[in-house]
Amino acid sequence: MKVLAYDAQKCTGARECEVTCAQTWFKVQDVAKSSIRISVKDDGFAAQFCIQCGKCIEVCPTEALYYNKQGIVLLKKDLCVGCMSCVGFCPYGVMYFAPEEALAFKCVACGQCVKACPQEALKIVELDEASTDVWNLRF
Amino acid sequence: MTNKIIRHVLAEFPYQTPRIERGYANQTLYVNVGTGEIKAKPVSDEMKLKFTGGKGFDLWLLWHAVHDDTKWDSPENEIVISTGPCGGITQYPGSGKSLVTTVSPTTEIITDSNAGGHFGPLLKFSGWDAIEVQGIAEKDVMVIVDAIEGKVTIEEMPDAPNDTHLLGRWLYDVLAEKPQEKYYIAMVSAGTGAEHSLLGCLNFSLYDRKRQDVRYKQAARGGPGTVLRQKHIKALVVRAQPFKGDANHPADMERIARVGADIQREIATWDSVQNRMRNRGTSYLVEIMSDYDLLPVNNFKFGSHPQARDINGAYWETRVTQGLPDGCWYGCTVACAHAVDGFELQTGPYKGHKVIVDGPEYETIGAIGSTCGIFDPDAILELNFYCDTYGIDTISYGNTISFLMECYEVGILDQEKTGGLELTFGNAAASLEILHQLARGEGLGKIAALGVRKAKTYVIEHYGADPQFVQDIGMENKGMEYSMYMGKESLAQQGGYALTNKGPQHDEAWLIFMDQVNNQIPTFEDKAEALHYFPMWRTWFGLCGFCKLPWNDVVDPKNSKSAEPAKIPHHVQNYVDIFSAVTGREVDINEIIAMSERVYNFQRVFNIRLGKGLREHDYPPYRGVGPVTEEEYESRRERYDQQLREWLGLDPDAMTLQEKMAAHRHYRTERYERLMDAVYERRGWTRNGVPTVEKLKALGIDFPEVLAVVEKKLRAED
Numbered sequence: 134m135k136v137l138a139y140d141a142q143k144c145t146g147a148r149e150c151e152v153t154c155a156q157t158w159f160k161v162q163d164v165a166k167s168s169i170r171i172s173v174k175d176d177g178f179a180a181q182f183c184i185q186c187g188k189c190i191e192v193c194p195t196e197a198l199y200y201n202k203q204g205i206v207l208l209k210k211d212l213c214v215g216c217m218s219c220v221g222f223c224p225y226g227v228m229y230f231a232p233e234e235a236l237a238f239k240c241v242a243c244g245q246c247v248k249a250c251p252q253e254a255l256k257i258v259e260l261d262e263a264s265t266d267v268w269n270l271r272f
Numbered sequence: 185m186t187n188k189i190i191r192h193v194l195a196e197f198p199y200q201t202p203r204i205e206r207g208y209a210n211q212t213l214y215v216n217v218g219t220g221e222i223k224a225k226p227v228s229d230e231m232k233l234k235f236t237g238g239k240g241f242d243l244w245l246l247w248h249a250v251h252d253d254t255k256w257d258s259p260e261n262e263i264v265i266s267t268g269p270c271g272g273i274t275q276y277p278g279s280g281k282s283l284v285t286t287v288s289p290t291t292e293i294i295t296d297s298n299a300g301g302h303f304g305p306l307l308k309f310s311g312w313d314a315i316e317v318q319g320i321a322e323k324d325v326m327v328i329v330d331a332i333e334g335k336v337t338i339e340e341m342p343d344a345p346n347d348t349h350l351l352g353r354w355l356y357d358v359l360a361e362k363p364q365e366k367y368y369i370a371m372v373s374a375g376t377g378a379e380h381s382l383l384g385c386l387n388f389s390l391y392d393r394k395r396q397d398v399r400y401k402q403a404a405r406g407g408p409g410t411v412l413r414q415k416h417i418k419a420l421v422v423r424a425q426p427f428k429g430d431a432n433h434p435a436d437m438e439r440i441a442r443v444g445a446d447i448q449r450e451i452a453t454w455d456s457v458q459n460r461m462r463n464r465g466t467s468y469l470v471e472i473m474s475d476y477d478l479l480p481v482n483n484f485k486f487g488s489h490p491q492a493r494d495i496n497g498a499y500w501e502t503r504v505t506q507g508l509p510d511g512c513w514y515g516c517t518v519a520c521a522h523a524v525d526g527f528e529l530q531t532g533p534y535k536g537h538k539v540i541v542d543g544p545e546y547e548t549i550g551a552i553g554s555t556c557g558i559f560d561p562d563a564i565l566e567l568n569f570y571c572d573t574y575g576i577d578t579i580s581y582g583n584t585i586s587f588l589m590e591c592y593e594v595g596i597l598d599q600e601k602t603g604g605l606e607l608t609f610g611n612a613a614a615s616l617e618i619l620h621q622l623a624r625g626e627g628l629g630k631i632a633a634l635g636v637r638k639a640k641t642y643v644i645e646h647y648g649a650d651p652q653f654v655q656d657i658g659m660e661n662k663g664m665e666y667s668m669y670m671g672k673e674s675l676a677q678q679g680g681y682a683l684t685n686k687g688p689q690h691d692e693a694w695l696i697f698m699d700q701v702n703n704q705i706p707t708f709e710d711k712a713e714a715l716h717y718f719p720m721w722r723t724w725f726g727l728c729g730f731c732k733l734p735w736n737d738v739v740d741p742k743n744s745k746s747a748e749p750a751k752i753p754h755h756v757q758n759y760v761d762i763f764s765a766v767t768g769r770e771v772d773i774n775e776i777i778a779m780s781e782r783v784y785n786f787q788r789v790f791n792i793r794l795g796k797g798l799r800e801h802d803y804p805p806y807r808g809v810g811p812v813t814e815e816e817y818e819s820r821r822e823r824y825d826q827q828l829r830e831w832l833g834l835d836p837d838a839m840t841l842q843e844k845m846a847a848h849r850h851y852r853t854e855r856y857e858r859l860m861d862a863v864y865e866r867r868g869w870t871r872n873g874v875p876t877v878e879k880l881k882a883l884g885i886d887f888p889e890v891l892a893v894v895e896k897k898l899r900a901e902d
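Protein chains in written order, with the numbering used here: chain L, 134 to 272; chain B, 185 to 902.
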């Protein structure tokens, strides 16, 4: 699976990734619409985004969530009824909800944030299985 | 398949689906299957303000449809179904309920019952806040609300099967031009049992996408399925357009999303370490109730049984299919609607068929299981399946069989009267045989088809049974059979069952732990306050389209530190937020209670209008209050003797068993009278249980025709 990975040691908190994500998918600057969230820690920064574990697929009542061939969890918008089961049951709190569309959204490893990051702290990497290691990977 | 099916359209009404605004379609659908009349009725602002929706709309429409002397089988009686303004939101669990009201064949007053499934929300999304169906068709018909075609039709479909599990598959295949259209179809049906019984339930369907099959939830109490079949309606159907998560067009979606995310995370965090509803549904209650002597066993004689472990939650967790999103409406991650897949039937017309059994839920396990002395899970599944597909209420059926079993054991019935059946407690084969007889309208099934109250009359009139004994042991009040909790040691729950509008169903109040276990409401005034607040709070769910389970079956432990843990204040606030955010009508808990009080009192007046609804109708059978038989007393002698010492200052060692039982009966019935006085006063009613004119004025439901009913009764009291 090709998933997003983050190197905390490179991150300087520019948050270009958040803005780019919101702009890419929602055409807004509001970082509440970003699928990647940067937070400040005592010793630097941390990132939260989907690791593609697929737990949300199990709880979706409409079969709107599925794995594509690259191992990325995607949402079929025409099947989603905005029920937020996936939001509540995401083990990592990285499934989000857009009220104005009544749709869930998440990181699909599109790579736009990778291009935007001035510190090259984000990267698309190949993994055999989903892992939270991607939240702090050295590369 | 569609082209081969005969569809004889008797009446057609074209319409355009309006935009749903803040939870309301702002119109209701009237269908008369006798005359063919179909029309839209506007929903006024006053109707929304005073009756909210759901059961409130049902009652308002039904009030104007019937006469003072309307019976359940009168043509003008209606089946009315409505969800409510919050029905169909997907962001808060348990928001897809449909409320049904009709004049009941068993209680002969208003019954209301609720079910999950997709009918209510899809009906609203198809443009209708409620459907009222009146009249009696000449031949079997379907009522089809087709939002895709933009029409409502009354149709004869002579090829349609009758029993629900067959009808559902057939109808979905007929109506869905593409497989995905099945997602947006829902139907309400009964079955052959409902044709031959007063205990008919309504099955509310949903399409289970993972199983690719139709499943059902039941609105069963009070016999609405009997009314449906008496009207010669096989099914009410809605064929809706695909919809999105904002189909209700709420006033504040962001507020809904915030509360929805909170409750979803609460369920994700706590259910697995609390009741495990997501793994076994309400069956977790079996063990708890048996441990606390609250599980009805052998027609409510006893409250526990060693074999309860054979049918407890841990067992059902191994039996129901795991790992599926079993909510009965989208977004319900409490997901109590489990099913056993591939169950092979051993009896009846579908013997050998492999079927999906929806449930079993706690009430069903208790009713067709423990209270009949049946602890065989396969028998419970088979009874559950056949009750559902025949369109029979499991609670009423189980109570009626357990009543007949006790009649058999005490000699009122014998094998000659049962057609050779040895109708002892625990005989599952006999219960199944009677169920099949009932569906055919034969044999002892014809007596079981009457329900407990009318079966009492039957055994008194035909078999010379002692009327007092029969009245004592038959677990019904107002003609409705009891749901599955023993209330003998909880005075408040005795009132929670019998001081109700429709009869002894615990959807008004479940106070046993507050009262009996935790002693939080010791005085009559305390109990009366609880019997005001909780019935009103719980009524409100049925006005809005909510299920009660997400309110109190999964709770963050922080609740125990709140001011009133029994009310679960942080969940109450969730509902305040959701209702306000959907409708744009900002409410607080006081307004919520007031909304319910209007509908609750209106229903009470409605019952009075139909000739009942008074104090004389609010008495429980003594089996629900104390020990009827010596066997029952002896089974709890230590407790009962201790109570004689503590409550009455008597020395049980100096009394005969009969004297002890008589002392208990006198004390227990007298304190119930005092409870009635306290509750009626708290509710603003006279000692006869009649809402006062002042109360109706204060609630704003002092419509002339409502006051006329009350004033006539009050004059009679003077």
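Hints in this document: simulated from the structure, not taken from any laboratory.
Misleading hints may appear alongside valid ones.
Selected chain L positions facing chain B (in silico; Cβ < 10 Å) [to be verified]:
{"#": "1", "residue": "176"}
{"#": "2", "residue": "178"}
{"#": "3", "residue": "207"}
{"#": "4", "residue": "223"}
{"#": "5", "residue": "253"}
{"#": "6", "residue": "257"}
DSSO-like, lysine-lysine: derived pairs with alpha carbons at most 30 Å apart [what the hints assert, rightly or not]:
{"#": "7", "chain 1": "L", "residue 1": "202", "chain 2": "B", "residue 2": "394"}
{"#": "8", "chain 1": "L", "residue 1": "166", "chain 2": "B", "residue 2": "428"}
{"#": "9", "chain 1": "B", "residue 1": "362", "chain 2": "L", "residue 2": "209"}
{"#": "10", "chain 1": "B", "residue 1": "362", "chain 2": "L", "residue 2": "143"}
{"#": "11", "chain 1": "B", "residue 1": "742", "chain 2": "L", "residue 2": "202"}
{"#": "12", "chain 1": "L", "residue 1": "135", "chain 2": "B", "residue 2": "394"}
{"#": "13", "chain 1": "L", "residue 1": "188", "chain 2": "B", "residue 2": "223"}
{"#": "14", "chain 1": "L", "residue 1": "248", "chain 2": "L", "residue 2": "210"}
{"#": "15", "chain 1": "B", "residue 1": "428", "chain 2": "L", "residue 2": "209"}
{"#": "16", "chain 1": "L", "residue 1": "135", "chain 2": "B", "residue 2": "732"}
{"#": "17", "chain 1": "L", "residue 1": "202", "chain 2": "B", "residue 2": "362"}
{"#": "18", "chain 1": "B", "residue 1": "335", "chain 2": "L", "residue 2": "188"}
{"#": "19", "chain 1": "B", "residue 1": "225", "chain 2": "B", "residue 2": "394"}
{"#": "20", "chain 1": "B", "residue 1": "366", "chain 2": "L", "residue 2": "209"}
{"#": "21", "chain 1": "B", "residue 1": "335", "chain 2": "B", "residue 2": "362"}
{"#": "22", "chain 1": "L", "residue 1": "209", "chain 2": "L", "residue 2": "143"}
{"#": "23", "chain 1": "L", "residue 1": "210", "chain 2": "B", "residue 2": "535"}
{"#": "24", "chain 1": "L", "residue 1": "210", "chain 2": "B", "residue 2": "335"}
{"#": "25", "chain 1": "B", "residue 1": "742", "chain 2": "L", "residue 2": "174"}
{"#": "26", "chain 1": "L", "residue 1": "202", "chain 2": "B", "residue 2": "428"}
{"#": "27", "chain 1": "B", "residue 1": "428", "chain 2": "L", "residue 2": "160"}
{"#": "28", "chain 1": "B", "residue 1": "428", "chain 2": "L", "residue 2": "210"}
{"#": "29", "chain 1": "B", "residue 1": "223", "chain 2": "B", "residue 2": "366"}
{"#": "30", "chain 1": "B", "residue 1": "535", "chain 2": "L", "residue 2": "188"}
Simulated DEER-style distance windows between Cβ atoms [as the list claims (entries may be wrong)]:
{"#": "31", "chain 1": "L", "residue 1": "264", "chain 2": "B", "residue 2": "335", "range": "29 to 39 Å"}
{"#": "32", "chain 1": "B", "residue 1": "888", "chain 2": "L", "residue 2": "190", "range": "15 to 25 Å"}
{"#": "33", "chain 1": "B", "residue 1": "748", "chain 2": "L", "residue 2": "145", "range": "25 to 35 Å"}
{"#": "34", "chain 1": "B", "residue 1": "223", "chain 2": "L", "residue 2": "243", "range": "26 to 36 Å"}
{"#": "35", "chain 1": "B", "residue 1": "335", "chain 2": "L", "residue 2": "259", "range": "28 to 38 Å"}
{"#": "36", "chain 1": "L", "residue 1": "234", "chain 2": "B", "residue 2": "335", "range": "26 to 36 Å"}
{"#": "37", "chain 1": "L", "residue 1": "207", "chain 2": "B", "residue 2": "229", "range": "40 to 50 Å"}
{"#": "38", "chain 1": "B", "residue 1": "223", "chain 2": "L", "residue 2": "172", "range": "26 to 36 Å"}
{"#": "39", "chain 1": "B", "residue 1": "772", "chain 2": "L", "residue 2": "234", "range": "50 to 60 Å"}
{"#": "40", "chain 1": "L", "residue 1": "145", "chain 2": "B", "residue 2": "475", "range": "52 to 62 Å"}
Glycine residues also receive a C-beta, built at the ideal position from the N, C-alpha and C atoms.
Going down the list of hints, with the structure as the test:
1. 176: With Cβ-Cβ at 28 Å, over 10 Å, it is violated.
2. 178: 24 Å, violated
3. 207: Since the shortest Cβ distance to chain B is 17 Å, the answer is violated.
4. 223: 8 Å, holds
5. 253: 33 Å, violated
6. 257: 29 Å, violated
7. L:202 <-> B:394: 21 Å, holds
8. L:166 <-> B:428: 19 Å, holds
9. B:362 <-> L:209: 18 Å, holds
10. B:362 <-> L:143: Not OK: residue 362 of chain B and residue 143 of chain L at ~52 Å, beyond 30 Å, violated.
11. B:742 <-> L:202: Since the Cα atoms of residue 742 of chain B and residue 202 of chain L sit roughly 43 Å apart, the hinted pair is violated (cutoff 30 Å).
12. L:135 <-> B:394: 28 Å, holds
13. L:188 <-> B:223: Since the Cα atoms of residue 188 of chain L and residue 223 of chain B sit roughly 47 Å apart, the hinted pair is violated (cutoff 30 Å).
14. L:248 <-> L:210: 26 Å, holds
15. B:428 <-> L:209: Between residue 428 of chain B and residue 209 of chain L the Cα gap is close to 12 Å, so the pair holds against 30 Å.
16. L:135 <-> B:732: This hinted pair is violated, its Cα atoms lying about 43 Å apart.
17. L:202 <-> B:362: 26 Å, holds
18. B:335 <-> L:188: Judged against 30 Å, a Cα distance of about 41 Å means the pair is violated.
19. B:225 <-> B:394: 38 Å, violated
20. B:366 <-> L:209: The hint holds at about 18 Å.
21. B:335 <-> B:362: It holds: about 19 Å lies between the C-alpha atoms, which stays within 30 Å.
22. L:209 <-> L:143: Not satisfied, since the Cα-Cα distance of roughly 34 Å exceeds 30 Å.
23. L:210 <-> B:535: Cα-Cα ~43 Å, so violated.
24. L:210 <-> B:335: 28 Å, holds
25. B:742 <-> L:174: The given pair, whose Cα atoms are some 28 Å apart, holds under the 30 Å limit.
26. L:202 <-> B:428: 27 Å, holds
27. B:428 <-> L:160: 21 Å, holds
28. B:428 <-> L:210: Holds, because 9 Å separates the two Cα atoms, which is no more than 30 Å.
29. B:223 <-> B:366: 26 Å, holds
30. B:535 <-> L:188: Violated: residue 535 of chain B and residue 188 of chain L sit about 39 Å apart, past 30 Å.
31. L:264 <-> B:335: 29 to 39 Å: 54 Å, violated
32. B:888 <-> L:190: 15 to 25 Å: Since residue 888 of chain B and residue 190 of chain L have Cβ atoms about 58 Å apart, the given range 15 to 25 Å is violated.
33. B:748 <-> L:145: 25 to 35 Å: 50 Å, violated
34. B:223 <-> L:243: 26 to 36 Å: Distance hint for residue 223 of chain B, residue 243 of chain L is violated at roughly 52 Å.
35. B:335 <-> L:259: 28 to 38 Å: 55 Å, violated
36. L:234 <-> B:335: 26 to 36 Å: This hint holds: roughly 31 Å between Cβ atoms.
37. L:207 <-> B:229: 40 to 50 Å: 44 Å, holds
38. B:223 <-> L:172: 26 to 36 Å: 58 Å, violated
39. B:772 <-> L:234: 50 to 60 Å: For residue 234 of chain L against residue 772 of chain B, whose Cβ atoms are near 30 Å apart, the range 50 to 60 Å is violated.
40. L:145 <-> B:475: 52 to 62 Å: With a Cβ separation near 59 Å, residue 145 of chain L and residue 475 of chain B satisfy 52 to 62 Å, so the hint holds.
Of the numbered hints stated above, those contradicted by the structure are hints 1, 2, 3, 5, 6, 10, 11, 13, 16, 18, 19, 22, 23, 30, 31, 32, 33, 34, 35, 38, 39, listed in ascending order.
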